[in-house]
Amino acid sequence: MTGLIIVDSKDNVATAAADIAAGTTWQPDTAGPPVTLTIPCQIPFGHKIALSALAPGDEVVKYGVVIGVATDAIPAGGHVHVHNIASNRIRGDLQQGGQA
Amino acid sequence: MSFDHFMGYRRSDGRVGIRNFPLVIAVMDNCNPLARRIAGAVRGAVPIVAAYGRGQKGEDQRVHDTTLINYGSHPNCQAALVVGLEHVTAERIAGEIAKTGRPVDWIDVQGQGGTLNAFADGVRRLNALIDASPARLERALVSDLVIGLECGGSDALSGISGNAAMGVVSDRLSAAGATLILSEIEEIIGAENFLADRAATEEVRAKLLAAVARCEKHADHMGLNMAPLGEDNILGGLSTTEEKSLGAIRKSGTSPLNEVFANGERPSKRGVVFLDAPAPGTENTTALGAAGAHMILFNTGRGNPIGNPVSPTIKLTGSPDTASRMADNIDVDLSQIVTEGMDFDSAADRIMDMMRQTAAGRLTASELHGDTEISISRIDNGFLRILAETDPDIAALT
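These protein sequence lines are chains C and E, in that order. At the far end of the first sequence sits residue 100, using our numbering, and the numbering has no gaps. At the far end of the second sequence sits residue 1398, using our numbering, and the numbering has no gaps.
So that you can see chain C by itself, here it is in the shape it has in the complex:
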């Protein structure tokens, strides 16, 4: 299935390449332990799902790089977006997620 795209092996999110219906099950065809995810809610084209459960404060990784942190608990297969993750980058704040 090409409905979800994982960019980098370090990523903990995947991007929907098509609208995905609630209840869809999916097994990533990438290296690593075989897992089957059930996607609990509808995911629009272009949006992301969690590949594993995330707790508040966990880093969200896409492109093999941290793109933000979870602000809420996100189940495996759950929708990952502005309602439950936040940027490490605040405009005008040059701190880079704790890095110099």
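To be clear, the hints were calculated from the coordinates, so they are not data collected in a lab. These figures come from a predicted structure and were not determined experimentally. One thing to keep in mind: the hints can contain errors.
Unchecked claim - Some but not every residue of chain C turned toward chain E, in silico, with C-beta under 10 Å:
(1) K10
(2) A16
(3) V35
(4) L37
(5) G46
(6) V66
(7) I67
(8) G68
(9) N84
(10) N88
Each residue gets a CB set at the ideal place from its N, CA and C atoms; glycine is no exception.
Please build the complex by placing chain E on the supplied structure of chain C, with the hints as guidance.
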């Protein structure tokens, strides 16, 4: 490799063009209608007309002037006629173009005694320039090429489809010795450290980070919230500015970043270089053209028709919807990456085949439609003065 050489027009400065455009360059906007009229009377001639130009000050004048001079000496330019209101500016711009060895002449409306005389004399002078510039095609290598990298109207799939395929092209051409220009300073924010890790030297790293810092200070100075994501980005699934910027820089591949240079200037290094110019499509492609890009790869998610009049602009999309909805404007449809799992190497092959055809004279969609425009950035000179006082370290590097 599907594209390793091409037949091009060798110029006296050693550069090689993939087009042989006679250009009519208006040095200020009050001459734009005349420049368009002269170009319209000479088959194949291209008008270079931009807003402003009169009474420019400081950095605005530098960017405006060097942009026009770099178009007049662009490798795709056969010869240039400079059109001015008065002789001082026209002669100055034409003089700088002449130093590059490109055939050039100038007229001024005041000196010619009005529009009609200037039109007739302008057409005669442009024809004379063309007559005196015999075309000579030579075999050239892709290492002679400068390629602009652009994305616009991005959606959440841009970074993992079209930009990723463009990244493979960048890696291949960088390895072959070509020059790839990444730009769009606002679209670096949030990914600058990731990009800076590719900097070839400490100086390149410092200049890149300073350019981003200046961009953010400018937003602060204006009291604006530089919203990193638009509503359409969020609806499309982009969640953070890091995610958007990481997707944008992906079009430059993975090879070292060898230089950071200013808007209006040309790169001095090969491989991947960064042009510190604003992101909007017309403004950025204008800067890429002035930097000497022979052609521009422009990935669009939601669709954007614009191209550059001198640097043929190849439109890519990874969006199945845009590929069908805006088929008129798309040169390379890469939507099979998401619909059928087409791999990036195959996608890059498609892009390079279109680059080969474009270099051989195939018109891009924006050339075919005449969807080409020039827009030269204007700078807030007051902000630059304040930045020099408050953040001299940043100001010194940008």
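Requested in this report: Sort out which numbered hints this structure fails and list those numbers smallest first.
Outcome: 1, 3, 4
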